[in-house]
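Visitor: The whole structure should be built from the sequences, with the hints applied where relevant.
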Amino acid sequence: MTANRESELDRLLRELPGTVGPTSQAGVIRCNCGAAEMLAAVRSLVAVSGRLADMFAVPVAPSKDHSGSLQRVTVFALDRLGVYVQLSSPITDGATEAFTTVIPGAYLEECEIFELWGVVPEGGTPLNRVLLPPSRETSGPLRGSRHRARSAWAPTEVRAPQVVQGEAFEFPVGPVRGAAQESLYLGLVTTGEELLDAYLALFHKHRGIEHRLVGLAPEQALFLVERCEGQGAVGNALAFARAVEAAIGLAVSEPAARTRALALEMERLYNHVASVAAVCQATGLVVGQAAMEILLEDCLRLNATALGHRYLFNVVAVGGVQHGCDVAALEASLAGICDRFSDSLAALLATNSFVDRLENAGIVSAAQATRLGLVGPIARAAALDLDSRRDHPWNGHYLGLGVATEPDGDVLARLRVASKEVAETERLVRHWLRSSELLDISDMPGQPLGGPFETGPAEGLGWCESPRGEALAWVRVAGGRVGAARLRPASVRNWRAFDDALRARNVFTDVAIVEASFWLTVAGFAR
Amino acid sequence: MTRRGTSSPSLDATAPVRAVSVREAADELHRRSVQAFGRSLHIRTVDTGSCGACEAELRLLSSPRYDLHRLGLFFAPAPRHADCLMVTGPGTFAMDHALMTTYEAMPDPKIVVAVGACPMGGVFGPDEYTHSDLSAQLPVDVYIPGCPPSPLALLQGLLLALDRSQARRHGQPELGA
Ligand code: SF4
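Residue numbers (our numbering), protein chains in the order written: chain A, 1 to 527; chain B, 1001 to 1177.
Just so you know, the hints here were simulated from the structure itself, not pulled from any lab data.
Just so you know, even glycine gets a beta-carbon here, dropped at the ideal spot from N, CA and C.
Misleading hints may appear alongside valid ones.
[Said to hold, decoys possible] Label-pair distances were calculated between CB atoms; the ranges are: (1) B/E1104 <-> A/T125: 35 to 43 Å; (2) A/E194 <-> B/P1109: 37 to 45 Å; (3) A/F223 <-> B/E1104: 31 to 39 Å; (4) A/V507 <-> B/P1109: 35 to 43 Å; (5) B/D1067 <-> A/D343: 39 to 47 Å; (6) B/S1135 <-> A/A35: 47 to 55 Å; (7) B/D1067 <-> A/D356: 24 to 32 Å; (8) A/R340 <-> B/P1109: 41 to 49 Å; (9) A/G34 <-> B/E1128: 28 to 36 Å; (10) A/D339 <-> B/D1127: 44 to 52 Å; (11) A/E6 <-> B/P1145: 51 to 59 Å; (12) B/S1135 <-> A/F223: 19 to 27 Å; (13) B/P1077 <-> A/D499: 23 to 31 Å; (14) A/V286 <-> B/A1136: 49 to 57 Å.
Guide: Here is the structure:
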């Protein structure tokens, strides 16, 4: 960090209301605030371009039945200064001051905290259902419901096409949708062609994973964390493993850290290929779709050969990796896949009938992306120069990283960002193959994790740049077990821009194209 | 998978897939689907809380490397036209209504295939969020193991489902029962 940045950070910390605690975690500053000081602290972080990265509530002391007092944890990313600032404040009388007045992008988190814990954000906008289905109580899924007899859930209201205003009607899509698509409900308000409005419900798949993690040993918890979002298994597992390692002070060997970084790039690669295939499918360009699906299958087979699993499950371990890398297989196939990808994409971008469908579709402006706190390729395609690999580096592997941005914020911009990111992934991986020590497949996996740990309750924050953007995880470990956990896959932050993107001068048939270009998962949101 | 020994291709999700294995399994599927349904096989999928990887593998069934359309295998746009229901995920309660409505809308005879470890109860236990095991909700004909099952394993599972459906129609004891 340069001297300028250090002095800027010092000044900020001096001015921050609350008590800045000692931190043993590089890149993270922890600050305890009184409930009355929180809004002032939030304002001072926003004033230095702090980006709301996450907000959640957790019990102050670990307890499986979640009785006892709560605290609100708010994580800001100061990307320019390379640190995350974690503000913790007590929640008193089941209410908090609403942050939406200062940060509109905090709305979903305030809804979630209300649904999960019954905590009311005072002075904010009316809340909506985001995580739990409407039939669930909002006093928290865990309070009083653990022993409730399970019963089949029936919707209190079945939406059907209805006239909204004038000639417009709401066209319901989901929750069961087309072939092998994830379940969600989309209410499209349309006059037949023009899309006037859209409502999104993502709660059908909520599995309560964060609650399930409580009481598990960290390596058991990792099994569920990977299955929170299968197509982001490495990103979420890595964020979680790093949070646990920070909490218990576990160091990761250099070759294991590089192997993790490699797995993450392989995950980014196959997801970018899959997103282009999905865009081709949505536009009806079968030739492009076929070319990309062949490449996708090749990527998945390479994952299986080089790292043991098509979707890279079981690669990351707490304290290291569970699987080495078949370096020879990677060297033999990677360049060919990346070359074919760039050739196919160049052909696609020279196809006017294809490009015409993407231009000006699903626009997310830079102002919207900033206001909503978007991350990843969607933010970069809207001109936000953000990448946690560069801004919050957790190792030296990303030196000289090129961050691709595009100015237009439409589907075409997202496709161009994907294209540039695949090239950068190839450059990084080839560089590591040439110059770095990776854990070869014949090597032992990373350090086995002994437990229970003798550490007292300790917190850790973990992050990495997953295919969909910055993934965060927060964990409190006590007695070798997870005492409380929060998972924030990039999908949690980015779905909030989807309905805005649909409202931006689109027609009905653009919906599938915009969804494909966002390339988010419902599973990641409904964790 | 409830299945007798077979000379069919490996189900190891991590093993590289040999092109010849895909062709063999696909041809066998086509033969049996014609036998069982006298025509092509139409599939409806329902996601009841999957992590998304099972869906990704299901979608790849119609990609050029597997291309099951050439064998008369199709994803149905509506349950009314489906012979086979493939269910992913651990069965969240919020999906109960949609799952049962889909199942009831399908004409008889219909087969139910549980895709992956989730609907076998292998990932999330039964609690206030999920049923865990699909058999708590629907009569399951075949479980396809894997997390996720590879497209080739899905193909193998469809073969088995056709066996069962055919046996049931002809009043024979079901394979693996
Ligand atoms: S079986 Fe495995 S891959 Fe399939 S949805 Fe469940 S966790 Fe994901």
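Visitor: Falls inside 49 to 57 Å, the C-beta gap from A/V286 to B/A1136?
Guide: Between A/V286 and B/A1136, where Cβ atoms are some 40 Å apart, the hint is violated.
Visitor: Indicate whether the distance between the beta carbons of B/S1135 and A/A35 respects the range 47 to 55 Å.
Guide: holds (49 Å)
Visitor: Is 23 to 31 Å a correct range for the gap between the Cβ atoms of B/P1077 and A/D499?
Guide: holds (25 Å)
Visitor: Indicate whether the distance between the beta carbons of B/D1067 and A/D356 respects the range 24 to 32 Å.
Guide: holds (28 Å)
Visitor: Given a hint of 19 to 27 Å, does the C-beta separation of B/S1135 and A/F223 actually sit inside it?
Guide: Holds: the Cβ-Cβ distance is about 23 Å, inside 19 to 27 Å.
Visitor: Starting from the range 28 to 36 Å, see whether the pair A/G34 and B/E1128 falls in it by beta-carbon distance.
Guide: Taking Cβ atoms as reference, A/G34 and B/E1128 lie about 34 Å apart, which means the hint holds.
Visitor: Is the distance from the Cβ of B/E1104 to the Cβ of A/T125 consistent with 35 to 43 Å?
Guide: holds (39 Å)
Visitor: Could one say that the CB atoms of B/D1067 and A/D343 fall in the range 39 to 47 Å?
Guide: Given a distance of about 22 Å, which is not inside 39 to 47 Å, the answer is violated.
Visitor: Verify the CB-CB distance for A/F223 and B/E1104 against the hinted window 31 to 39 Å.
Guide: holds (35 Å)
Visitor: Hint says 41 to 49 Å; check whether the CB-CB distance for A/R340 and B/P1109 agrees.
Guide: holds (43 Å)
Visitor: Honestly, do A/V507 and B/P1109 meet the 35 to 43 Å range at C-beta?
Guide: At roughly 41 Å between Cβ atoms, B/P1109 and A/V507 fall inside 35 to 43 Å, so the hint holds.
Visitor: With 37 to 45 Å as the target window, see if A/E194 and B/P1109 comply at their CB atoms.
Guide: The hint (37 to 45 Å, Cβ to Cβ) holds, given that A/E194 and B/P1109 are roughly 43 Å apart.
Violation of the numbered hints given earlier is confined to hints 5, 14; the remaining hints are satisfied by the structure.
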